[in-house]
Amino acid sequence: MMQPKRTKFRKMHKGRNRGIVVGDEISFGMFGLKAVDRGRLTAKQIESARRTISRFIKRQGKVWIRIFPDKPITQKPLEVRMGKGKGNVEYWVALVQPGKILYEISGISEETSRKAFKLASSKLPIKTIFINKRETIHVNR
Numbered sequence: 001m002m003q004p005k006r007t008k009f010r011k012m013h014k015g016r017n018r019g020i021v022v023g024d025e026i027s028f029g030m031f032g033l034k035a036v037d038r039g040r041l042t043a044k045q046i047e048s049a050r051r052t053i054s055r056f057i058k059r060q061g062k063v064w065i066r067i068f069p070d071k072p073i074t075q076k077p078l079e080v081r082m083g084k085g086k087g088n089v090e091y092w093v094a095l096v097q098p099g100k101i102l103y104e105i106s107g108i109s110e111e112t113s114r115k116a117f118k119l120a121s122s123k124l125p126i127k128t129i130f131i132n133k134r135e136t137i138h139v140n141r
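So in my numbering, spot 88 of the sequence shown is number 88, and the numbers just go up one at a time.
Because the hints were derived from the structure by calculation, they are not lab data. Just so it is clear, CB atoms sit at the ideal spot from N, CA and C, and this is done for glycine as well. No incorrect hints appear here.
Taking CB as the label site, the calculated pair distances span: (1) H138 / L78: 41 to 49 Å; (2) H138 / E111: 23 to 31 Å; (3) E79 / R10: 19 to 27 Å.
Below, a list of computed lysine-lysine pairs in the DSSO-like style, where the Cα atoms sit at most 30 Å apart: (4) K123 / K5; (5) K5 / K76; (6) K76 / K14; (7) K133 / K58.
Build the full structure now, drawing on both the sequences and the hints.
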């Protein structure tokens, strides 16, 4: 599972998922999966979509993951009274804004990569679109 090796602080405030997007253009591959909605992707969801892509393309092309879960999410145990401090870190998430490239692929045909991204997008909780390096699609922010 993806998570930072070490962090300055163990726990983080909830914060807001606002602001402009960085990483809205394809940098490495020929085809990409771009987020249309704003949301949080857990490390398990990112890994599940990656495994779906790599299994479908049968390890022919190259896959790049452009997001990393670097925000810890804490939870208190069940049936525990309020107070007594913040809960323990349960999982890690990546905050995603509209327009962010999530995955990139190269070395396979457009039709195959389109099918692979369709399968992967069903594993993710946000709406996504398929993009080509030659075409630029801007998502309303």
